[in-house]
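Undergrad: Got chain Z; can you put chain E on it based on the hints?
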Amino acid sequence: AAGVIQSPRHLIKEKRETATLKCYPIPRHDTVYWYQQGPGQDPQFLISFYEKMQSDKGSIPDRFSAQQFSDYHSELNMSSLELGDSALYFCASSLRGRGDTQYFGPGTRLTVL
Amino acid sequence: SQKIEQNSEALNIQEGKTATLTCNYTNYSPAYLQWYRQDPGRGPVFLLLIRENEKEKRKERLKVTFDTTLKQSLFHITASQPADSATYLCAPRPTSGTYKYIFGTGTRLKVLA
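Chains Z and E supply the protein sequences, listed in that same order.
The numbers in the numbering used here rise by one with no breaks, and the one at position 104 of the first sequence is 104.
The numbers in the numbering used here rise by one with no breaks, and the one at position 8 of the second sequence is 1008.
This is chain E alone, in the form it adopts within the complex:
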């Protein structure tokens, strides 16, 4: 069955460092992969989308990579700030023929001042 795995443990990093979050998927080949940020009790907020034919995408301090051979996406936050503390979810779209996204379990990031 289709499966998505993210760092299950919370990630604590020091302010100013780069945070790297991992999203691994098995048993399918997503056409798109999205990353979202979610704060407690709030809806996920879209951050970045990367397509299967793109290796890397950047937006300000954020960078996403997509390795279809490894079946993995990495999400980087450079120069991290305490305000970046949140849960980050990856959501691959299984195939180009469906609009059903499957969310990963999320990684809770805490940036320490």
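Bound-form chain Z, shown alone:
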């Protein structure tokens, strides 16, 4: 079965640079979620989209933005990167009305030097 695809899997950036993370949800899933997970921490909800509209917002910094496109893939744009942004970034997708079970991607490991 198709799973959530994230790219790139690893990304190394310098401070103050910009990064774009991509997420391709499971086909026919209408909701995408973004999470940030620091070392030894639980996943922190950043933002979610339902049918290409922002649905819920969590602890997403103002330097970050995200959107969901017409083909349902989503991108997380991160600007003015800081050392503290180094983390695993997970994307998850779900089908609303099916218990909202979230299926997570493999994650993108971002390292900011």
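It is worth saying that the hints were derived from the structure and are not from the lab.
Glycine is no exception: its CB is placed at the ideal position from the N, C-alpha and C atoms.
Careful, some of the hints might be misleading.
Between beta-carbon pairs, the in silico distance windows are [to be verified]:
(1) E/R1061 x Z/P27: 40 to 48 Å
(2) Z/T20 x E/D1067: 37 to 45 Å
(3) Z/R96 x E/P1082: 49 to 57 Å
(4) Z/S70 x E/A1031: 12 to 20 Å
(5) E/R1061 x Z/S70: 40 to 48 Å
(6) E/N1012 x Z/M53: 39 to 47 Å
(7) Z/R96 x E/P1040: 25 to 33 Å
If you want the footprint, here are the derived chain E segments under chain Z, 3+ residues with CB under 8 Å [to be verified]:
(8) 1024 to 1030
(9) 1067 to 1079
Taking lysine to any residue and the SDA-like style, the derived pairs with C-alpha atoms no more than 25 Å apart in a straight line are [claimed, not checked]:
(10) E/K1003 x Z/Q37
(11) E/K1003 x Z/I5
(12) E/K1059 x E/L1112
(13) E/K1055 x E/P1082
(14) E/K1100 x Z/R109
(15) E/K1110 x Z/Q41
(16) E/K1055 x Z/Q67
(17) E/K1110 x Z/P61
(18) E/K1100 x Z/D30
(19) Z/K52 x E/F1046
(20) E/K1100 x Z/P27
(21) E/K1003 x Z/E14
(22) Z/K13 x E/R1042
(23) Z/K22 x E/Q1002
(24) Z/K57 x E/L1112
(25) E/K1100 x Z/Q67
(26) E/K1100 x Z/R28
(27) E/K1071 x Z/Y50
(28) E/K1100 x Z/I5
(29) E/K1100 x Z/F69
(30) E/K1055 x E/R1042
(31) E/K1059 x Z/N77
(32) E/K1100 x Z/K13
(33) E/K1071 x Z/N77
(34) Z/K57 x E/V1045
(35) E/K1100 x Z/G84
(36) E/K1059 x Z/G3
(37) E/K1100 x Z/D62
(38) E/K1003 x Z/K13
(39) E/K1100 x Z/I12
(40) E/K1100 x Z/N77
TA: Below, chain E alone, put in the same frame as chain Z:
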């Protein structure tokens, strides 16, 4: 503020025994509560979902209970195996009007052979 607490200490149990993990929440009444398994460096994997009107849910060797009076969910793994060693996260959905899940800090389970 909304808060979720899981056993912060790692849980070590002997193979074949039942592991019981606890998830306590305060300051809200979740409509759903999900349990996930996470292996190091990988995305969480959905295990079970229980609704507020359900007391118990089972899936193979897994059992989840949901006590809305105690504001607690228990996650049991019976006949535990070394392959069950992982971090287990609970994630309540705060209300029926939001699709933002809050993850607990997770409990690291180690099953000893």
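Undergrad: Decide, hint by hint, whether the structure agrees.
TA: Comparing the hints with the structure gives:
For E/R1061 and Z/P27, the hinted distance range of 40 to 48 Å is not satisfied, since their beta carbons lie about 30 Å from each other. Hint check: Z/T20 to E/D1067, Cβ distance near 43 Å, so the stated range 37 to 45 Å holds. Between Z/R96 and E/P1082 the C-beta distance comes to about 37 Å, which lies outside the given range of 49 to 57 Å. At about 30 Å, the CB distance of Z/S70 to E/A1031 disagrees with the hint of 12 to 20 Å.
Checked against the hint of 40 to 48 Å, the pair E/R1061 and Z/S70 passes, with Cβ atoms roughly 42 Å apart. Distance hint check: the CB atoms of E/N1012 and Z/M53 are about 46 Å apart, consistent with the given range 39 to 47 Å. Distance hint check for Z/R96 and E/P1040: the Cβ-Cβ separation is about 30 Å, which falls inside the suggested range of 25 to 33 Å. With 0 residues carrying a beta carbon less than 8 Å from a beta carbon of chain Z, the stretch 1024 to 1030 of chain E misses the three-residue requirement, and the given coverage is violated.
Only residues whose beta carbon comes within less than 8 Å of a beta carbon in chain Z count, and the stretch 1067 to 1079 of chain E has 0; fewer than three means the coverage is violated. Among the hinted pairs, E/K1003 with Z/Q37 is consistent with the structure: their alpha-carbon atoms are about 17 Å apart, no more than 25 Å. With a C-alpha separation of about 31 Å, the suggested pair E/K1003 and Z/I5 falls outside the 25 Å cut-off, and the hint is violated. Distance restraint check for E/K1059 and E/L1112: the Cα-Cα separation of roughly 23 Å lies within the 25 Å cut-off, and the hinted pair is therefore satisfied.
With a C-alpha separation of about 28 Å, the suggested pairing of E/K1055 with E/P1082 is violated against the 25 Å cut-off. For the proposed pair E/K1100 and Z/R109, the alpha carbon gap of about 22 Å is at most 25 Å, so the pair holds. Distance restraint check for E/K1110 and Z/Q41: the Cα-Cα separation of roughly 18 Å lies within the 25 Å cut-off, and the hinted pair is therefore satisfied. Pair hint E/K1055 plus Z/Q67 does not hold up; C-alpha atoms about 38 Å apart against a cutoff of 25 Å.
A threshold of 25 Å between alpha carbons decides the hint, and for E/K1110 with Z/P61 the separation of about 35 Å lies outside it, so the pair is violated. Taken as a hint, the E/K1100 and Z/D30 pair is honoured in the structure, with Cα atoms around 15 Å apart against an allowance of 25 Å. Distance restraint check for Z/K52 and E/F1046: the Cα-Cα separation of roughly 24 Å lies within the 25 Å cut-off, and the hinted pair is therefore satisfied. With a C-alpha separation of about 21 Å, the suggested pairing of E/K1100 with Z/P27 holds against the 25 Å cut-off.
About 34 Å separates the Cα atoms of E/K1003 and Z/E14, which puts this hinted pair outside 25 Å; it is violated. At most 25 Å may separate the alpha-carbon atoms for a hinted pair to count; Z/K13 and E/R1042 meet this at roughly 21 Å. Distance check on the hinted pair: Z/K22 and E/Q1002 sit about 30 Å apart at the alpha-carbon level, beyond 25 Å; violated. The suggested pairing of Z/K57 with E/L1112 is violated, with an alpha-carbon distance near 40 Å, which exceeds 25 Å.
Taking the CA atoms of E/K1100 and Z/Q67, the gap is about 16 Å. The hint holds against a cut of 25 Å. Proposed proximity of E/K1100 and Z/R28 is supported: the alpha carbons are some 20 Å apart, at most 25 Å. Of the supplied pair hints, the one linking E/K1071 and Z/Y50 is violated, its CA atoms being roughly 29 Å apart against a limit of 25 Å. Taking the CA atoms of E/K1100 and Z/I5, the gap is near 21 Å; set against the 25 Å cutoff, the hint holds.
In summary, the hint linking E/K1100 to Z/F69 is supported, as the alpha carbons are separated by about 20 Å, within the 25 Å threshold. Under the criterion of a C-alpha separation no larger than 25 Å, the hint pairing E/K1055 with E/R1042 is inconsistent with the structure, at around 30 Å. Pair hint E/K1059 plus Z/N77 does not hold up; C-alpha atoms about 38 Å apart against a cutoff of 25 Å. Of the supplied pair hints, the one linking E/K1100 and Z/K13 is violated, its CA atoms being roughly 29 Å apart against a limit of 25 Å.
Between E/K1071 and Z/N77 the CA atoms are separated by roughly 37 Å; this puts the pair beyond 25 Å, and the hint is violated. For the hint pairing Z/K57 with E/V1045, the CA-to-CA distance comes to about 22 Å; that is within 25 Å, so the pair holds. For the proposed pair E/K1100 and Z/G84, the alpha carbon gap of about 23 Å is at most 25 Å, so the pair holds. For the given pair, E/K1059 sits about 22 Å from Z/G3 by alpha-carbon distance, which is consistent with the 25 Å threshold.
Pair hint E/K1100 plus Z/D62 holds up; C-alpha atoms about 19 Å apart against a cutoff of 25 Å. Note on E/K1003 and Z/K13: the hinted pairing is violated, with a Cα-Cα distance of about 33 Å set against a maximum of 25 Å. As the CA atoms of E/K1100 and Z/I12 are separated by approximately 29 Å, the hinted pair breaks the 25 Å bound. The hinted pair formed by E/K1100 and Z/N77 meets the criterion: a straight-line CA distance of about 20 Å does not exceed 25 Å.
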